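Student: If you read the sequence shown in my numbering, its first letter stands for residue 1, the second for the next number, and so on.
The reader is advised that the hints may include incorrect statements.
[Unchecked claim] Below, simulated DSSO-like cross-link-like pairs (lysine-lysine); rule was C-alpha separation at most 27 Å, straight line:
#: 1; residue 1: K24; residue 2: K63
#: 2; residue 1: K24; residue 2: K12
#: 3; residue 1: K30; residue 2: K12
#: 4; residue 1: K30; residue 2: K63
#: 5; residue 1: K12; residue 2: K63
It should be emphasised that the hints constitute simulated quantities derived from the structure, not laboratory data.
Note that the coordinates shown come from a computational prediction; the quantities given were computed from them, not determined experimentally.
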Amino acid sequence: MAAYNFDSASVKLVFVSGMDEFGKPVFTSKTYQNLRPDVQPEQLSSVVYAIAGLCQNPLNDVKRIVSESVDL
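Assemble the whole structure, with the sequences as input and the hints as a guide.
Tutor: Structure follows, in C-alpha cells:
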C-alpha cells in the first residue's frame, strides 16, 4: 500500500520591498527551513508575526512548504 513519508517543511515569508517604475510592488522573500511536521497553525502564526515585526518591510504573504516522498 502506498504511503506518504514526511521529508521536510519550511515557511516562506514574502515582503513588499518597494515599487518599480510602473507602480507595481516589488517583492522579496525569506525562507526558514526545518519546521517540525507537527507545528500547529497558531504556533506558526505567532512566530511569523514575531519575525515580521523585526523586519522593516511589510509582510505580504506566508507559505508553508511541505515535502513528502511516496512509498509505493
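Student: Would you mind marking each hint as holding or not holding in the structure?
Tutor: Against the structure, the hints:
1. K24 - K63: holds, 21 Å
2. K24 - K12: holds, 21 Å
3. K30 - K12: With Cα atoms ~6 Å apart, K30 and K12 stay inside 27 Å; holds.
4. K30 - K63: Holds: K30 and K63 sit about 11 Å apart, inside 27 Å.
5. K12 - K63: holds, 5 Å
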